[in-house]
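Visitor: Residues per chain are reported as follows:
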Amino acid sequence: MSDLIWSAIAPELVLVILSGLILVVSVWKKPPLKSMAVLVGAGLVATWAAWGLQLSRLQDIVDAGSFGALAFNDMVITDGTAVIARLILMVILTLAVALAWPMLDEIGQRSAEALVLMFLATAGFMLLAAATNLVMAFIGLEVGSISLYVLAAVARKSRLADEAAMKYFLLGSFASAVFIYGVALLYAGSGSVSIDALRSFSGRVIVSPGVLYVSMAMLVVGVLFKVTAAPFHAWAPDVYQGSAAGVVGFMAAAAKVGGFVALVRIVGITYVRFADDWRPALAAIAALSIVLGTLLALSQTDFRRMLAYSGIAHAGFILVGVAAGRSANEAILFYLAVYTVQLVTAFGIAAIVSGPTSSGSPFSAYKGLASRSPFLAAGLATTMLGMSGMPITSGFIGKLGVFRAAWEKGLEWLVVVALVASVAAFFFYLRVIVDMYMRDPDEETADVAAEPQVAGRVAIAVAVVVTVLFGLYPSPLLDLIRNVVS
Amino acid sequence: MAGPTPYMALAFILFVIGATGLLTRRNALIMFMSVELMLNAVNLTFVAAGRAIGNFTGQISVFFVLVVAAAEVVVGLAIIVAVFQKRNSASVDELSEMKG
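Order-wise, the sequence lines are chains A and B. Residue numbering for the first sequence follows the numbering used here, starting at 1 and increasing by one per position. Residue numbering for the second sequence follows the numbering used here, starting at 1 and increasing by one per position.
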């Protein structure tokens, strides 16, 4: 058939083949992790090449005057949003593999599984980001989510990791069931599971038109669970505190990228006809996430728990853009790119400070970090400033973009709420910096060495450079996004 | 033949029972069964609607939901077993070591 366009799913294909190879090689040859690194490195390079191929095809499509091209019987689309989402996922996967290496070293035999789960989760969320068919989206969502449930428990020593995995699994599968019931109701009403059915729905086939609203709400709620928006956030703090330290940054970031891009697609299509009905609901969820996330983050004593609550607030900030509608798409993608890099880095540094398979990371461990490891302290300080939206960091440009888009759509009150919360949030980000630079280390942590391996050091350095560079000079990334998303 | 409405109503009731069970029961295995019930309610909706509409999309979708449900069983039971081995209980009330 003519629409089997393999480049439309090239990065996912490479990741899945790579996963199979790693599993076979690890069972067959039982290579040491050092030799595995060669295979993983080659695989990542191949995935980047596949992404480059896809970008060049997208450039052809855009040059021909179209915004995207469907493939595989309208299952997936190659458009700017999908290709940029893949770029973000590739960046966080690459950074996360580098930062997870000490953990892979420690869990020994299971390191191949952990790597494979990371690759499969990335492939799943890539498919979710590109899906134009809601059953396809469900498959992508589940391939990603189920991999993450296992990844949460990959360090089996910790009791808290089991607890985290169980909570993540039960609430995650609840969200998935809600999502797919939304798809089923949409199908009952329109006879189609394509995402476009949200627009063409007439209500004439079986059920009354009111069901369309229920169906849309269920789709949106299912995805909001995955991106930790309040009031669907209850699992996030426990999962991000308890899961294996080495991979938790990847877990948080990958689910956010896939989920938000799917949300942008779903909301973009429902807005065509129902913008006035949906904007207040999304704006309310955004405001609730921002306020709740910020307030609860203020009172935490554990760094990873604080990051989880700040992640809820950040989900709210991104939702400010989602509520604005299609005009905010570029700003949302920019925000996702810079925030998820900071998220992976912050969790990665927590893994170095508290141990690669640890659960939790109390603030006391960060006291006097500047004297124990100036490199880590500088990296974490930059990341915290980036997350807080400090000017001259990329976080500021990201926030500016989504706030401006919302302001232009008449959501002034929401922007004011978000600005007030951003100022309040400075407190808990700065607290970490004050702990690191102005306090003396506690007795029991004073002698603990906290030095990253070479790969981790490079990853942190890259993330810091990206955060500062895109804060001072954001146009390369903005131009890339604007060029393909329009 | 009756229309799809009774089937879809039954599916809705099953879905609500599943959701209620998941949110109120404390035993991980029963919560897990509730998730399965919700997914099967989805399947029933797909099949009933597919029959009334007259295309195959609904029935094909059921296969995908079944496969995903099977994958969830594998992972979910493994997690429950891991929890049970450490705590000798599958009650989620035991899982409250993290707070804040």
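In case anyone wonders, no lab produced these hints; they're calculated from the structure. Be aware that one or more of the hints could be misleading.
What the hints assert, rightly or not - In silico DSBU-like cross-links for lysine-lysine, where the CA-CA straight-line distance does not exceed 30 Å:
| no. | chain 1 | residue 1 | chain 2 | residue 2 |
| --- | --- | --- | --- | --- |
| 1 | A | 409 | B | 86 |
| 2 | A | 30 | A | 157 |
| 3 | A | 34 | A | 157 |
| 4 | A | 30 | B | 86 |
| 5 | A | 29 | A | 157 |
Visitor: None of the hints should be skipped; say for each whether it holds.
Guide: Hints and how they fare:
1. 409/A - 86/B: Roughly 53 Å separates the two Cα atoms, so the pair is violated.
2. 30/A - 157/A: holds, 22 Å
3. 34/A - 157/A: holds, 23 Å
4. 30/A - 86/B: At roughly 29 Å apart (the allowed maximum being 30 Å), residue 86/B and residue 30/A satisfy the hint.
5. 29/A - 157/A: holds, 26 Å
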